[in-house]
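A.B. asks: Chains as they are written, first to last, in my numbering: chain A, 2 to 216; chain B, 2 to 216; chain C, 2 to 216; chain D, 2 to 216.
Any given hint could be a false lead.
Pairs count within a copy or across copies, as identical chains cannot be separated in the list.
As the list claims (entries may be wrong) - Derived lysine to any residue pairs resembling SDA-like cross-links, with alpha carbons at most 25 Å apart:
| id | residue 1 | residue 2 |
| --- | --- | --- |
| 1 | LYS100 | ASP130 |
| 2 | LYS28 | GLY187 |
| 3 | LYS6 | LYS84 |
| 4 | LYS164 | GLU200 |
| 5 | LYS32 | PRO7 |
Since the hints were made in silico from the structure, they are not lab data.
Number of protein chains: 4
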Amino acid sequence: MEFAKPLPEYLVKRYQGWKATTYAENKSWYKRLAEDGQHPRAMVISCCDSRVHVTSIFGADQGEFFIHRNIANLVPAYAADGKQHGTSATVEYAVTALKVAHIVVLGHSSCGGVQGCFDMCEGHAPELDEKTSFVGRWMDILRPGYERLAPGEPKDRLRALEKEAVLVSLENLMTFPFVKSAVEDGMLSLHGLWNHIGEGSLECYDPGAKAFVAV
Amino acid sequence: MEFAKPLPEYLVKRYQGWKATTYAENKSWYKRLAEDGQHPRAMVISCCDSRVHVTSIFGADQGEFFIHRNIANLVPAYAADGKQHGTSATVEYAVTALKVAHIVVLGHSSCGGVQGCFDMCEGHAPELDEKTSFVGRWMDILRPGYERLAPGEPKDRLRALEKEAVLVSLENLMTFPFVKSAVEDGMLSLHGLWNHIGEGSLECYDPGAKAFVAV
Amino acid sequence: MEFAKPLPEYLVKRYQGWKATTYAENKSWYKRLAEDGQHPRAMVISCCDSRVHVTSIFGADQGEFFIHRNIANLVPAYAADGKQHGTSATVEYAVTALKVAHIVVLGHSSCGGVQGCFDMCEGHAPELDEKTSFVGRWMDILRPGYERLAPGEPKDRLRALEKEAVLVSLENLMTFPFVKSAVEDGMLSLHGLWNHIGEGSLECYDPGAKAFVAV
Amino acid sequence: MEFAKPLPEYLVKRYQGWKATTYAENKSWYKRLAEDGQHPRAMVISCCDSRVHVTSIFGADQGEFFIHRNIANLVPAYAADGKQHGTSATVEYAVTALKVAHIVVLGHSSCGGVQGCFDMCEGHAPELDEKTSFVGRWMDILRPGYERLAPGEPKDRLRALEKEAVLVSLENLMTFPFVKSAVEDGMLSLHGLWNHIGEGSLECYDPGAKAFVAV
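Please model the entire structure based on the sequences and the hints provided.
C.D. replies: See the structure below:
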């Protein structure tokens, strides 16, 4: 572990500033959270992309959202095969231990992971087809979304695939027995969102319209 | 997909407030980010826990950190077996595509995932031993950390295990060839942090002291 | 060049300390910055005054702000006359080459340049009226700000002139065609700040209030 | 002025953190600085480049360095023609009003301005030759440095030109009568530095060696 490095000074300074302001002003709340544990009302599944800030968009404070972030906000289908499934573990913990009331899947524009999947499926990214490509194998989850894209201009199909990443994840969530039963019991609701980073717009999947509509 | 629900009204209201204020004030930055793509300087791997807010602690804005969040901020060892490894995909993307300069693993106090691992290893959580337990199988990653805990009071051992979750992840990161070579080339540095939620304190792993020390 | 002198020892010592600590801890980031180039999100125009530290106030690290510093944080009006305009060159580079999203003009209390302009305009500093006075001719940029000062006590008028130095610069920035079009396209936003050095306070120009208000 | 925007929230947060920590801890010093005025011991002329942090490299606090930053850390030759010369005004103020003891010209690697000058002089950047190019006209200051480059590989000549930007500025500083007399009176010394951003190395011009040598 001799490779581990100290925290860069500018982050130390910023942390100290946070401690003296945000923390100091909210100390009682942080102490409560530490003693009573978390009771988040929602789980959010979003992308790792540095441009996506779900806590900012929804004005969320500590304790409000249980947040899983991975490449392209994907949830794989249920597979209780005894293997390591990090995303499935987050869903299991949120629904069975924390009993969240909502799961929000948040997609976004200009997603590098979705772009990679698109290129791979079009045959333009052989390196992602390699067995050793972690990104490629992870993006396989989205292949069913690619298969059902309507014909059209590449940029329109790519945009549609970003939204499919949300829909595929919602569908896969329902393959988890504990998710399905909680939804059917009215204890859990699922929501699909897509954020345009440059425009700051937000769209929500509307099952009536079978489309994403502006919030 | 008839199960998908509209966004709860209170989140719609908050989003609209964000759009009219934070977005409006930073519109030019979001547009730039959308056009030019992200150039985050660091990847942060933290827990899904709703009480951990890395962007708040470090005063980070959109575009600054590439953030992966999973149960107990764990990174599995490298395994290019062609299977789905969501966490490994995030590390691969951060290091090989985005070329981040830092990876920060951020652990925290009162971690439910670490508690589960501790109970499981102590023989008090048979349900986590089940093949079908996603959380249990995910927490297997931390077993080597449990094995090397010093004897002591359970609460001290549990606290030590929270920090082991950071160390095991740092060790596993170094098993990825592209991480190891970037670290050795001086292009990437790894940092281990642990946050006490109630106290608002932050500790950084110091290889000289072989311990976490207050920032 | 026989007049050039070695670096004073105390600066050599400090540099060596920085190299062994801050640089060593951030080596990977500096290497990335050197290889990939800078992508600053904002340009800051502040005074040369040794008491103004924009990177400290905003916890900024290398790579974050493109910083121009001159006497009294002034920007002259656009004049494409083929002459040397150092400040105009910085604005041109920031907006057209780096495509920054924000330009922040940061004024401050007790500004020697603004004091000189005030004295000159009041007729108390004939030496600054000389053709050969570089400071006097530079401070001519602020004369329109002096002209619109409200009557009052000299110290209040001087304080007002410090803020006019920010406003005149913001107005002059908009005379640059590439600034104006970027602002109108929503790709660039301009901000006016004023820092009270002794109090550590910060005020931001609020177009609604037509005044600087505390941040 | 209706175009002026509020300060982005993340900068407000960071400022508040600074106020509660760095400012609070140094309040007495800031108040002294505000009341007694600045007495900087040195002037630093460096590039606007976001990767150059002279206060960090030299561990400087508020009040220590009077800092002018422009494109490529250039100083034009003395020209008392009654026109606006922003850089000359900073030198005049530093030497005649503040009576600094040192002027340090700090160049750096990968300088975009120097690259532009190199391309322009090689005939590869006609847009910089335009009368309307502020960057081009500003970089004309460095043309004498280009003229005396030794033949060689383009990348070696470019590196040499970065150092010429320091030497040309030192030479031009000596054309200012008040600089020359202060140097000759032993009241002021001039120093030429060059910083390699990626390596964190620093070189100082040594008139004996007629070369930049490692500090």
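A.B. asks: For each hint given before, does the structure comply? Return the numbers of the non-compliant ones in rising order.
C.D. replies: Hint 3 contradicted; others consistent.
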